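Take the two lone chains and join them into the complex the hints point to.
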Amino acid sequence: MEIIIAGAGKVGYHLAKSLSIYHNIVIIDKNPETISKIQDDLDVMALNGDVENPSVYSSCNKNIDYFIAVTNSDEVNIIASLIIDDILNIKKKIVRLKNNFFINSSISQKLNIYKSIFSSYHIANTLKKLLEFPYANNIKEFNNDRIMLSVRVYNPDYIGYNIREISKEFEDNVLIVGLERDKKFFIPSYSEIVKKGDLLYIFGDRNIIKDRYKNFELQNPNEKKIKNCIVFGADRLGIEISKVLLDKKFEVKIIERDLDKCEEATEILQGKAIVLNSKYGWGHLLKEEGLNNADILIASTNNDEYNIIKCIEGKKAGINKVIAINNDREYYSLMHSLGLIVIRGEKIDTYYSILENINADSFITQKRYCGGRGIALSKKISEESKCINKTISVPQKVRDVAQVHIIRDNEFVKDVKEVDCEEGDTIMLFSESQYDDFLEKWLYQEL
Amino acid sequence: MIRTIDIKGIIKFITIIGTILPIFFLMPIVVGIIYGEDILKFALFDIIFFAINATALFILREHEISLKVKGSIIAVNLIWILLGVAGAIPFVLYTNIDFSSAFFESISGFTTTGATVFSEIESLPKMILFLRSLTHWLGGMGIIVLGIGLLSIINPTGSLSMFKAESTGISVDKIAPKIKDTALMLWLIYSFLTLLDMLLLKYFGMNWFDAINHAFSTISTGGFSTKNSSLGYFTNSAIIWTTTIFMIISGINFLAHLRFLHRDYSGYKSEEIRYYIYIFLILSFLLTLVHLSSSNISFSESLKHSFFTIASVLTTTGFATLNYEEWGHTAVMIVFIAMLIGGTTGSTAGGVKVIRYTIIFKNMLTEVKRVLHPNAILSIFIDNKKLKNSLLTSIFGFFTLYVLTTVVVMLYLYARGLDEMTSISTALATVGNIGPGFAKVGPVENYGFFSWYDKWILSIAMIIGRLECYTVYLLLSREFWKKF
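Just so you know, the sequences run in chain order A and B.
Per our numbering: the first sequence = residues 1 to 447.
Per our numbering: the second sequence = residues 1001 to 1484.
What the hints contain is simulated information worked out from the structure, not anything from laboratory work.
This structure is a prediction, so every number in the text was calculated from the model and none was measured.
Take these hints with a grain of salt, some might be off.
[What the hints assert, rightly or not] In silico DMTMM-like cross-links for lysine to aspartate or glutamate, where the CA-CA straight-line distance does not exceed 25 Å:
#1 B/1178 x A/330
#2 B/1178 x A/356
#3 B/1068 x A/40
#4 A/17 x B/1062
#5 A/210 x A/409
#6 A/115 x A/74
#7 B/1388 x A/33
#8 B/1178 x A/169
#9 B/1008 x A/436
#10 B/1008 x A/33
#11 B/1180 x A/65
#12 B/1483 x A/330
#13 B/1068 x A/33
#14 B/1070 x A/74
#15 B/1386 x A/446
#16 A/91 x B/1271
#17 B/1386 x A/40
#18 A/417 x B/1264
#19 B/1180 x A/446
#20 A/386 x B/1062
#21 B/1178 x A/33
#22 A/17 x B/1181
#23 A/30 x B/1264
#24 B/1180 x A/40
#25 B/1008 x A/40
#26 B/1386 x A/50
#27 A/17 x B/1064
#28 B/1482 x A/40
#29 A/386 x A/446
#30 A/30 x B/1271
Only chain B is shown next, with the shape it has when bound in the complex (with noise of 0.2 Å):
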């Protein structure tokens, strides 16, 4: 019998990106040096992650990895338990924490959520801090995207499917013709653009390890932060306008960067950019009236929290300056609103997406148009081109089920015991990767008072959203593992 799905194809790629991982782990070590810190069980736990996964590789040297829709999709899958496992264990060795809390602060930062467990941040072990920002860093690219990078270059054919089945966003738009380009392009211009931000920050005021911490945070629209109070630290404008404009650029799709250092302009043309500033200039605007209706604040000032804050959550960051729900149950609603549109497709943020309510939109003007003219033969338009109904059904499809998603977390949390706000704004932060909610889980506080099969929960959510559901729930379908 042939077997439909490579499971050593999934093993060597699962151990490509083991044996990735512990090489960025050294970075959180360097850092522990730099500050004294006692690395002496890290580096342990890093040398033996690696080592295992190493010779797991070299045994597999020779197979031709050619994985197709369903290793791809189990793979993928794996690799964001091996990750969580993965950072999870240096959470455990250096502070006080269980694992299953661990585990939710290790996911939350690969997924680029932001929530933490912890409520003493700056107490952390510098190295630990270090850690939470690169797991941020890398989960917000992707780090499946780098290792496709690295696999195409030892295996030319059967990268494709893993691709797709990892990126976020509607379809895998190419720059090149080869998707190994594509990718290695994109972790380039990801690393320029968090280059530039360090240095920014680090030109405004703060010293290099928030700058680069911050940098990694902002990029990826993760959220974790060195500081208690998150961006409410640091008393620059320079740095909180800084913060702003890299997380809307984050939350622009990465591809319309690349084309611009291709002095193509284009990509920033796309309706859904468009709609994506537009969101966030209306809202921005209407929590600064808000702001300054409730608060004796002066107009600037009002201007650079609300924009800041909207920046953050419509991106998906999850930064906070100032505690928002202060401002008045029509600022929540603002940033309700904003935690529900997301960012763009092929950007690191998350949530349902501003390209995906577009179509929706204008799906639903369209039976209206075509209630008025029955005979009229009508279609929607993205970009003056005309969609697919084979797309169309997916993002219904896709919208269902995310909606379902959060709405049974969501009930969930609420038979838990916790508040409504408290529950649907947990739901919401979790499965669109925001980070922060509202209530309990507010922008001031953390998700260290769940239990730990509370936590369990919320680290699936949050890969659920990181994946924009297909991907997981393809495995709880009886089809998928049907050989026939």
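Bound conformation, chain A alone (with noise of 0.2 Å):
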């Protein structure tokens, strides 16, 4: 595919890193070190230019898959995206927008924009999604309302059995697709036998998630009903979460450095959580407001060591759940091993869906869990897929290192030795994540 690029930062730099391999990708700048270290690194056209430069795009081929809008100003992205039309036939536009308003506006459609990426507001309904499962560790959203969600096991009645029993528990209609015992992650065989305090990572159906995954915390002496709340950061992201947590009628309190913007977030939320104003830390903070009394701690500030900080001193000071936003993927695996739940950044966040939305079309999504060491590939059968009405024969290369799993009309079929492809089908493969170049090339070279 043809794809455009506006916009060099963080995330449209690794956008481009992760579609070069298969698509032909052209990415615009206005910075030259920028384009200069990009001309270096990836096998990419690197442009120099203003975006909302109609001159910019006259190298680019004229019909495009997909133009994708990143820059840091809403304005620009917008803009861009409304020129671009004129220059050169695109085909699908993915905007990255920063301002909530324009969720509910009718921008996105008259601008003829296939997909508008709203992170913050993404990032809080993670966070929605996850206090809906009190007891989960983490949890993942995937297509067609299914979920991924880990949960550690303390019920004796699950533990001493193996896999295969345990998913019986949910009629087989949830897979079991990795296991975390003393901080090691693998893809667990049916007959491995679950112990006390194993995190299990549970794939299927929200519903049936929901219904019966509490039964293996249900002796976790540590948890409790979450009813007060300590948002660190009171950006856009810290806003957005407040916000959340407020309507699920929490109590929330939030703690920022910056003045002005405790006074903004104050207005925004109108009075309704408490904004405490941190400049000389938030030592003494912890007794007169009570902090150390809160269920659960999300440090939602752009700074990952500050955010990895906040969460070890919430830890300490007895606070149950802490959440830290990942903004830097280098402190990703950090975070994981220090036992903090880890919610994608507003940059990573807008690259990974911005990614899944240009693979869902056809093409591979590779999701990531338990700190990046599991990963997910899923490709979707379409008429246009060469192996359509084929067997495929999953080769035991590929069955030692993952799960290989169909879901058709919505059910599994489990552990498949071969493929035969229906439209519709959706191939999904479970497996550590050192696999993931292996796997991808299998999965798209085959299917």
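What follows is the structure, encoded as structure tokens:
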């Protein structure tokens, strides 16, 4: 496919890097240093110029499959996606927008935008869903109302049974696609015996999982109902998160260093949440405001190091559930290894949302779980797929490292050795993430 | 411990080139068959060479190449040695020269230098003559560029650094988002120009064999001819003018030609190409005047030979029609200037290249301005774009290395007992990939008289020049081999 990316910030760069493996990418940015760095690193066409300037696009192919606007400014993104229609023949436009006003506005339709990405809103929603499953360790959304949820096994009723018996609990309507024991992650076989404290990754229909997953945790002594929340950071994301928490009728206290941001947050939230200024540290606030009685702490600043420190401090202060927003991928595994619940920050979320939108059409969707140690690959079989109505055998090499399942008519066909491809099937692979290239290549070439 | 260099990847890449090369070598074998020559040894060599590489490639078929900077640099250097050896073997098999001479001839071919060790060319088997031209043609665009095109089909990532390590010029400009598309398009235009040149030469009276060989040498700016007296053998002016024009075209950035095919003329309007044309015209006219004054020849004849000579030397081709040394010291001086300059970035020509002189010259002017306006913020502009300081440093670095290499080779030759003119011009002609120089290596002479160890030194000098210094010298730095 031919893809143009306007804006070579973190999101644009990583998108270009991932997409350039199989697609032709043109990336445009007005910063010459960024462009020359990309020219050195990636096999893409990197152009220096203003994305609002029509002449920048003169050397591009005239027929473009995707135009992705991910500059830092909503206005620039909108204008670029507006003028691009006049210059090139664009099939689909994806635009990153920060101002949540646009969510319910008709601007996206007017501009013929295929998909607008509102990352702060999306992240807040992820958090909302996580709160729907208070006993879950983490949760990931998939298409068609499927989720992947991780839960620790504390209920003695399940300990000592194998995976096959445990999945019977869900009437075989879910998959157990990962297991973390003693900080080690692996893809369990059916005969794997579950031990106390194991973290199970369960994939399947939201409602089925919602009904029964709690059974695993029943005996966890630490769990209690969430009521009091602390949110660190009163940026756009912090405010969005606070809104979600307030919707759930929780008590919310926001802590922010910057006084102006504090005032802004108070105004936006209309005083429903208490905004505390922590210019002189938050140690004294802990006692004064009773922050150590909080049930959940969410560190949502743009600074990962700060988020990590605040989460650790929160844990020390006795807060049961701490959630860190992850802005920089380099900190992802560190956060995970510290036992924090990690939610993608705005940039990473935008990146994944766009990738999933592009891939969802006919290509491979990739989702990572368990701190990036597990990977879920899925490919939808369309009428254009080369394997359609053929039977493809799954090589032993693939089955050795991955679980291979088919979702057909919303039912799982588990652990297949051959894939008889029908239109509408989704092939799903679960594996450890070091095999991602190998598995993706197999999916790409065979199916 | 994790290896920092993907050794299997290097071997795999070399075997890819090693598998392509014998396929191209079928061409001289076919020529041999046409002319009824004894092709058995060549064919046998070709088959064995192919078999070894194909087997190695087969063994490594599962290996994913992920060459980073270091790996690419090693691979490129090794490929040049492989090319030298592979090209040398047929010379050893079919002529009476030793391996050092054959290696020299082969490297001279692949680096498009065009310096030959043969004094009697016309008596060589036709397939050997064809092989010499073929080495030019493959080396011109960079067989590695071709390799990258093929590689990225097998393996979509990891070929970028290779392209940078091999291609001559300052920046890798792209015409398409994917490097493989650019590489394949470059080969397409390269082949097209060759075909066009060949047809024109044939039309103006060459036979097919000479037309193909000279087209190969011209477009790759190589310089091997099939005649003892080079292009001087052909009396038809149209042939000389055609070759002159095609040499000049080949000295221009091939991306500009590619853009031209897409009806975009902006490529030709760059400063570098403008200066290149100016330099060519000025030097040619000057040489015409010198030529006119030193011999009683008609103006049109003088124009023809002078333009031809400057085109040949400026683009580092190295064809000759007349012996310009007979035109006096001023003529030698003019040709000498052309030797120092070279072609443009992204072309098949070697040398220092016009853009570097442009930048160095502009820098000089800026420095003068800086003295006059101590508080001014001054920058250098090329094609209305501000030049990055890092680029300036790298150009000076290159220039220093280039000059040093030339001086070292020159001093070596002088110490070996050659006269000044021969030493200087041999060093320039090998490092700049030009071919003929002055005095003992003049346009009507050859490199046969050098001893075997001189030939090895000169072969290395040619590779250094072809890879624009850094790629070779990096291997000598300790930093390169450090694991940390």
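Taking the hints in turn, this is what the structure says about them:
no., hint, result
1, B/1178 x A/330, "violated, 28 Å"
2, B/1178 x A/356, "holds, 22 Å"
3, B/1068 x A/40, "holds, 12 Å"
4, A/17 x B/1062, "holds, 23 Å"
5, A/210 x A/409, "holds, 21 Å"
6, A/115 x A/74, "holds, 14 Å"
7, B/1388 x A/33, "holds, 9 Å"
8, B/1178 x A/169, "violated, 51 Å"
9, B/1008 x A/436, "holds, 21 Å"
10, B/1008 x A/33, "violated, 34 Å"
11, B/1180 x A/65, "holds, 20 Å"
12, B/1483 x A/330, "holds, 23 Å"
13, B/1068 x A/33, "holds, 21 Å"
14, B/1070 x A/74, "violated, 41 Å"
15, B/1386 x A/446, "violated, 48 Å"
16, A/91 x B/1271, "violated, 38 Å"
17, B/1386 x A/40, "holds, 19 Å"
18, A/417 x B/1264, "violated, 54 Å"
19, B/1180 x A/446, "holds, 23 Å"
20, A/386 x B/1062, "holds, 23 Å"
21, B/1178 x A/33, "holds, 21 Å"
22, A/17 x B/1181, "holds, 18 Å"
23, A/30 x B/1264, "holds, 23 Å"
24, B/1180 x A/40, "holds, 15 Å"
25, B/1008 x A/40, "holds, 24 Å"
26, B/1386 x A/50, "holds, 16 Å"
27, A/17 x B/1064, "holds, 18 Å"
28, B/1482 x A/40, "holds, 22 Å"
29, A/386 x A/446, "holds, 8 Å"
30, A/30 x B/1271, "holds, 23 Å"
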